[in-house]
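Colleague: Below, each chain spelled out in residue letters.
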Amino acid sequence: MYFSDETQKKSRRLTEKWQDEVQETLKSNPDRKDRFSTVSDLDIKRLYTPEDLKDVDFARNIGAPGEFPYLRGNQVTGYRGRHWTFRMFSGMGSARDTNARWHMLLREGQTGLSTAFDFPTLMGYDSDSPKALGEVGKCGVAIDTLEDFLELIDGIPLDQVTTSMTINPPATILWAMYCAAADIKGVPLAKIGGTIQNDMLKEFIAQKTFMCPPEPSIKLISDTVEFGAKYVPRWNTISISGYHIREAGATAIQELAFTLRDGIEYVEDVIRRKKMDVDDFAPRLSFFFNSHIDFFEEVCKLRAARRIWAKIMRDRFGAKNPRSLWMRFHTQTAGCSLTAQQPYNNIIRTTVEALAAVMGGTQSLHTNSLDEVFCLPSEHAVEVALRTQQILAEETGVVNTIDPLAGSYFVESLTNEIEEKTWEYIEKIDAMGGMIAAIEKGFPQMEIADAAYKFQRQIENKEKIMVGVNKYVTEAQHAVPLMEIDEKMGEEQIKRVQDVRRKRDNHAVKQSLTDIRTACKSGANVMPCCIEAVKNLATQQEICDVYREVYGEYRDPGLY
Amino acid sequence: MSARKIRVMVAKPGLDGHDRGARILARCFRDAGFEVIYTGCHQTPEQVAAAAIQEDVDLVGLSCLSGAHRILFPRVVELLKEKNASDITVIGGGIIPEQDFQMLYDAGIKAIFTPGASLDSIVDWIRASIQTRDEHH
Numbered sequence: 001m002y003f004s005d006e007t008q009k010k011s012r013r014l015t016e017k018w019q020d021e022v023q024e025t026l027k028s029n030p031d032r033k034d035r036f037s038t039v040s041d042l043d044i045k046r047l048y049t050p051e052d053l054k055d056v057d058f059a060r061n062i063g064a065p066g067e068f069p070y071l072r073g074n075q076v077t078g079y080r081g082r083h084w085t086f087r088m089f090s091g092m093g094s095a096r097d098t099n100a101r102w103h104m105l106l107r108e109g110q111t112g113l114s115t116a117f118d119f120p121t122l123m124g125y126d127s128d129s130p131k132a133l134g135e136v137g138k139c140g141v142a143i144d145t146l147e148d149f150l151e152l153i154d155g156i157p158l159d160q161v162t163t164s165m166t167i168n169p170p171a172t173i174l175w176a177m178y179c180a181a182a183d184i185k186g187v188p189l190a191k192i193g194g195t196i197q198n199d200m201l202k203e204f205i206a207q208k209t210f211m212c213p214p215e216p217s218i219k220l221i222s223d224t225v226e227f228g229a230k231y232v233p234r235w236n237t238i239s240i241s242g243y244h245i246r247e248a249g250a251t252a253i254q255e256l257a258f259t260l261r262d263g264i265e266y267v268e269d270v271i272r273r274k275k276m277d278v279d280d281f282a283p284r285l286s287f288f289f290n291s292h293i294d295f296f297e298e299v300c301k302l303r304a305a306r307r308i309w310a311k312i313m314r315d316r317f318g319a320k321n322p323r324s325l326w327m328r329f330h331t332q333t334a335g336c337s338l339t340a341q342q343p344y345n346n347i348i349r350t351t352v353e354a355l356a357a358v359m360g361g362t363q364s365l366h367t368n369s370l371d372e373v374f375c376l377p378s379e380h381a382v383e384v385a386l387r388t389q390q391i392l393a394e395e396t397g398v399v400n401t402i403d404p405l406a407g408s409y410f411v412e413s414l415t416n417e418i419e420e421k422t423w424e425y426i427e428k429i430d431a432m433g434g435m436i437a438a439i440e441k442g443f444p445q446m447e448i449a450d451a452a453y454k455f456q457r458q459i460e461n462k463e464k465i466m467v468g469v470n471k472y473v474t475e476a477q478h479a480v481p482l483m484e485i486d487e488k489m490g491e492e493q494i495k496r497v498q499d500v501r502r503k504r505d506n507h508a509v510k511q512s513l514t515d516i517r518t519a520c521k522s523g524a525n526v527m528p529c530c531i532e533a534v535k536n537l538a539t540q541q542e543i544c545d546v547y548r549e550v551y552g553e554y555r556d557p558g559l560y
Numbered sequence: 561m562s563a564r565k566i567r568v569m570v571a572k573p574g575l576d577g578h579d580r581g582a583r584i585l586a587r588c589f590r591d592a593g594f595e596v597i598y599t600g601c602h603q604t605p606e607q608v609a610a611a612a613i614q615e616d617v618d619l620v621g622l623s624c625l626s627g628a629h630r631i632l633f634p635r636v637v638e639l640l641k642e643k644n645a646s647d648i649t650v651i652g653g654g655i656i657p658e659q660d661f662q663m664l665y666d667a668g669i670k671a672i673f674t675p676g677a678s679l680d681s682i683v684d685w686i687r688a689s690i691q692t693r694d695e696h697h
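Order-wise, the sequence lines are chains A and B. Counting along the first sequence from 1, when you hit position 274 you're at 274 in our numbering, and nothing is skipped either side. Counting along the second sequence from 1, when you hit position 20 you're at 580 in our numbering, and nothing is skipped either side.
Any given hint might turn out to be false.
Stated by the list, open to error - Here are the simulated EDC-like cross-link-like pairs (lysine to aspartate or glutamate), alpha carbons at most 16 Å apart as the crow flies:
| id | chain 1 | residue 1 | chain 2 | residue 2 |
| --- | --- | --- | --- | --- |
| 1 | A | Lys441 | A | Asp556 |
| 2 | A | Lys454 | B | Asp591 |
| 3 | A | Lys9 | A | Asp55 |
| 4 | A | Lys454 | B | Asp680 |
| 5 | A | Lys462 | B | Asp680 |
| 6 | A | Lys9 | A | Glu51 |
| 7 | A | Lys131 | B | Glu606 |
Since the hints were derived computationally from the structure, they do not count as laboratory data.
With the hints as constraints, model all of the structure from the sequences given.
Modeller: Here is the structure:
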């Protein structure tokens with residue numbers, strides 16, 4: 001019990017008295033609206049009291065930092081040991097352009113790198129593919145071959161800086177490029193650290209960057225998990241992501257539930273397919289969440305996430321290593337909460353969201369730039385976004401004590417509620433036969449579509465407010481200077497990849513593609529062949545074409 | 561003639577996977593009483609144009625948030641024209657900077673709706689324009 005009987009009794013008396021006064025007050029001063037709810041539409045009570053925590057057991061449900069159930073964080077010393085990693089998602093135009101931005105960010109105090117690739121790279125097409133028309137270098141950096149990749153990481157100490165790569169269907173290939181680059185630079189694989197997103201389930205659910213059907217997609221992911229456990233022990237081989245699920249319109253609970261259920265699916269596959277012990281790979285599973293605008297809902301979601309995952313790993317999978325029970329996660333502030341109207345307001349939104357991520361105990365953070373509703377961020381805008389994190393870390397004092405919001409009647413109560421509702425979803429998906437089966441039914445996709453549509457209607461009827469969109473609207477324009485990608489960049493990139501195809505040893509490329517095809521067909525791990533292929537300057541599309549040929553292609557079912 | 565429902569195709573040309581807006585609009589058009597075809601993501605302009613003709617739609621709504629609209633939107637209009645289907649109205653939406661509006665209008669895109677446009681305003685625009693088209697026929 002969190003509070004003594006005596007305290008509970010007193011609290012009940014006080015609450016009853018207060019409720020009478022509320023009824024009295026409402027007669028003359030009614031509430032502004034009938035219903036108060038989170039951005040995800042969870043009902044919020046007028047007041048939370050010790051009675052809301054009457055079933056909470058401090059040792060069992062809350063505990064200490066670094067102890068099961070890890071509600072208060074994985075680290076025994078919280079942010080007093082080290083801050084979260086300042087990791088800005090960044091990539092644009094050519095490898096050279098992006099490398100320059102990375103060096104600028106590191107000079108300004110960023111502590112980790114995070115790579116945004118353009119759509120052709122994300123989807124497994126080379127820059128000169130007809131499918132890449134108009135997209136080269138637009139939403140991120142274009143990487144066709146190891147030559148581009150070496151330019152991307154030029155001057156980056158691979159044994160000191162960790163690099164995250166938001167890459168999914170071609171994750172094996174981009175990771176192979178990283179491994180090959182380390183090898184060329186004489187850095188042992190055991191010394192490199194970073195993350196590949198490599199989470200295909202959320203692609204089918206939300207982000208829609210898919211290539212092959214779910215089953216072989218998961219096989220490739222398990223290959224990376226196995227390879228990482230053996231040879232690249234500091235690498236996070238999956239970043240199980242709720243971010244895109246949320247951006248697609250999910251509620252906080254859907255984000256949490258679908259992400260955790262995806263995590264379960266990956267763990268099951270590695271155990272079944274690779275016959276590995278859960279403790280041999282679970283410590284390198286990482287997560288990625290959204291931090292949306294509803295401050296307390298986000299803090300509680302992140303706290304609940306750690307507790308649920310610890311229970312899943314211990315009780316469902318029998319993990320013994322404490323590191324297997326840790327949910328380590330990166331957070332990004334919510335792109336979908338930003339507005340094109342009055343764009344400078346986005347700095348404020350991002351600040352609140354970043355604070356929620358920190359109060360939720362994130363290990364790593366990206367803060368959106370104010371201009372990201374229009375295009376990739378300008379250097380000035382990204383600097384403000386990075387400074388936002390640095391001000392939180394260095395000036396505000398919010399990092400002085402661990403999990404400062406713990407014990408709040410409201411925070412613990414909402415954390416419990418989010419956890420309960422998350423378990424309900426997880427059980428529902430279990431009953432469907434797992435996440436792949438649920439995706440094939442369209443279940444998570446339609447749940448998200450319903451939530452997105454409901455939210456849009458709530459904006460239209462002003463039940464939910466977005467400042468500058470449906471309230472406090474102004475005619476005045478607050479133009480921000482935007483960054484443009486030079487249209488010539490695409491042509492140059494096309495020339496680059498075509499030059500590589502001409503000058504490389506095409507016989508060696510053909511042989512390494514044959515080796516990948518053989519591995520795909522036999523079920524062997526593709527990673528060693530991928531590293532060999534990228535060293536021979538096979539393009540990423542050439543390797544993806546082998547995957548498409550052997551495994552087939554997945555097409556968007558177009559559910560709405 | 562007037563009994564015919566307005567037929568709308570919501571399409572995602574290019575490699576962009578940001579489909580939240582497109583899917584909300586598809587549902588909104590359905591609720592407004594239109595017949596709706598949604599292509600799903602990752603369509604080439606050729607696929608979009610061919611589907612629009614095959615489905616005999618009155619209007620195609622193109623959605624793109626990747627910055628590729630400058631090339632992909634005009635290409636769809638051009639392909640419809642090549643196939644003698646210029647009577648299909650093409651509108652666009654997504655992340656479209658204002659400085660691109662004129663070049664898209666010049667290319668034959670009839671209207672552009674960007675973040676903040678209300679669902680009702682888009683439905684109203686379609687009702688007004690498509691009725692106009694029926695009267696001409």
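Colleague: Please go over all the hints and tell whether each is borne out by the structure.
Modeller: Evaluation of the provided hints:
A threshold of 16 Å between alpha carbons decides the hint, and for lysine 441 (chain A) with aspartate 556 (chain A) the separation of about 13 Å falls inside it, so the pair holds. Of the supplied pair hints, the one linking lysine 454 (chain A) and aspartate 591 (chain B) holds, its CA atoms being roughly 13 Å apart against a limit of 16 Å. Using a Cα cut-off of 16 Å, the hinted pair lysine 9 (chain A) and aspartate 55 (chain A) holds, with the two alpha carbons roughly 14 Å apart. Taking the CA atoms of lysine 454 (chain A) and aspartate 680 (chain B), the gap is about 15 Å. The hint holds against a cut of 16 Å.
Between lysine 462 (chain A) and aspartate 680 (chain B), the direct Cα distance comes to roughly 14 Å. Compliance with the 16 Å bound is thereby established for this hinted pair. Distance restraint check for lysine 9 (chain A) and glutamate 51 (chain A): the Cα-Cα separation of roughly 9 Å lies within the 16 Å cut-off, and the hinted pair is therefore satisfied. Taking the CA atoms of lysine 131 (chain A) and glutamate 606 (chain B), the gap is about 11 Å. The hint holds against a cut of 16 Å.
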